[in-house]
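**Q** Each chain is listed here by its residues.
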Amino acid sequence: MREKQPDRRRVLAGTAGLALAVTLRPAVGASLPRTETTEDAIRRFAGSARIRPGRVALDLPPLVENGNTVPLGVTVESPMTPDDHVRRIGVFNERNPQPNVVTVHLRPGAGRAQVATRIRLADTQRITAIAEMSDGTYWSGSADAIVTLAACLEG
Amino acid sequence: MARTLINLPKTAEPGAVVTIKTLLSHPMETGFRPGPDGRILPRNIVTAFVCRFEGEEIFRAELFPASAANPYLTFTWTATRSGRFSFTWQGDNGFDQTETAAITVG
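Protein sequence lines, in the order shown, are assigned to chains U and F. Position 123 of the first sequence, counting from 1, maps to 123 under the numbering used here, and the rest follow consecutively. Position 20 of the second sequence, counting from 1, maps to 175 under the numbering used here, and the rest follow consecutively.
Excised from the complex, chain U in its bound form (with noise of 0.2 Å):
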């Protein structure tokens, strides 16, 4: 009968540990868990060719006050002709949920390597862009930036 009885130094320890897990709940939902680290992302996009930093500017505002739409521009030095163009762009974040953002498609056609979106960013992180050229280079830029109003974490 008494092994049944639930233990006074049991109940109290099982009780801080609640309270502790509670208290701890908004510093868990801060850092979302991730499906993919950034490295592994990059990787998947540009294999294990070397990436170089330089000619790829990425325009993102570096004080964001909601983080649900920040404008975020990509430009590459590239003279879009057939012979040396840029082929796609990948842009990469570090602490959304998903390592992705978004990844484009280029042609010579387009005559400047230049696209415009608007991105969430759940956190104050950096953003790296990774451009592939018809060269088979791959060249990287980054951008930081600030967030006060995270997207995601608010419903």
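Bear in mind the hints are in silico, worked out from the structure with no lab data behind them. It is possible that part of the hints are untrue.
As the list claims (entries may be wrong) - With a cut-off of at most 25 Å between alpha-carbon atoms, the simulated SDA-like pairs for lysine to any residue come out as follows: (1) 176(F) - 55(U); (2) 176(F) - 105(U); (3) 165(F) - 248(F); (4) 165(F) - 249(F); (5) 176(F) - 159(F); (6) 176(F) - 112(U); (7) 176(F) - 79(U); (8) 176(F) - 61(U); (9) 176(F) - 87(U); (10) 176(F) - 161(F); (11) 165(F) - 199(F).
Put chain F on the given structure of chain U with help from the hints.
**A** Chain F in isolation, oriented as in the chain U frame:
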């Protein structure tokens, strides 16, 4: 049918670089966000966008949950000849919508 906004000049000089702006009215529900009842809302996003000129692909984008609601894309095209653009968005729950726009070159 979702509302779309497509912005491009009606006419262009041959060889001029034209900026094409597209916007689609779509919630782009991420699949990571809790709803009013605390449960995670199922993902509902547009995953692919293609722009074709006279049937030939000129621009393509793969979209992810990190794209903002009402996905907006701007890209460029070098004017070669008059013709029609088609813009196609595809996504979750069988979402598929195509719009067209014409341009006169010369």
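**Q** Would you mind marking each hint as holding or not holding in the structure?
**A** So, going through the hints one by one against the coordinates:
Proximity of residue 176(F) to residue 55(U) is assessed by CA-CA distance (about 24 Å); at most 25 Å being required, the pair is judged to hold. Taking the CA atoms of residue 176(F) and residue 105(U), the gap is about 16 Å. The hint holds against a cut of 25 Å. Between the alpha carbons of residue 165(F) and residue 248(F) the distance comes to roughly 34 Å, so the proposed pair goes past 25 Å and is violated. Taken as a hint, the residue 165(F) and residue 249(F) pair is broken in the structure, with Cα atoms around 32 Å apart against an allowance of 25 Å.
Pair hint residue 176(F) plus residue 159(F) holds up; C-alpha atoms about 11 Å apart against a cutoff of 25 Å. A distance of roughly 14 Å separates the Cα atoms of residue 176(F) and residue 112(U); the hinted pair therefore holds under the 25 Å criterion. Among the hinted pairs, residue 176(F) with residue 79(U) is consistent with the structure: their alpha-carbon atoms are about 22 Å apart, no more than 25 Å. As the CA atoms of residue 176(F) and residue 61(U) are separated by approximately 20 Å, the hinted pair is consistent with the 25 Å bound.
Simply put, residue 176(F) and residue 87(U) have alpha-carbon atoms about 20 Å apart, close enough for the 25 Å limit, and the pair holds. Our distance criterion of 25 Å between C-alpha atoms is met by residue 176(F) and residue 161(F), whose separation comes to about 6 Å. Annotation: proposed proximity of residue 165(F) to residue 199(F) is violated, straight-line Cα distance about 33 Å (limit 25 Å).
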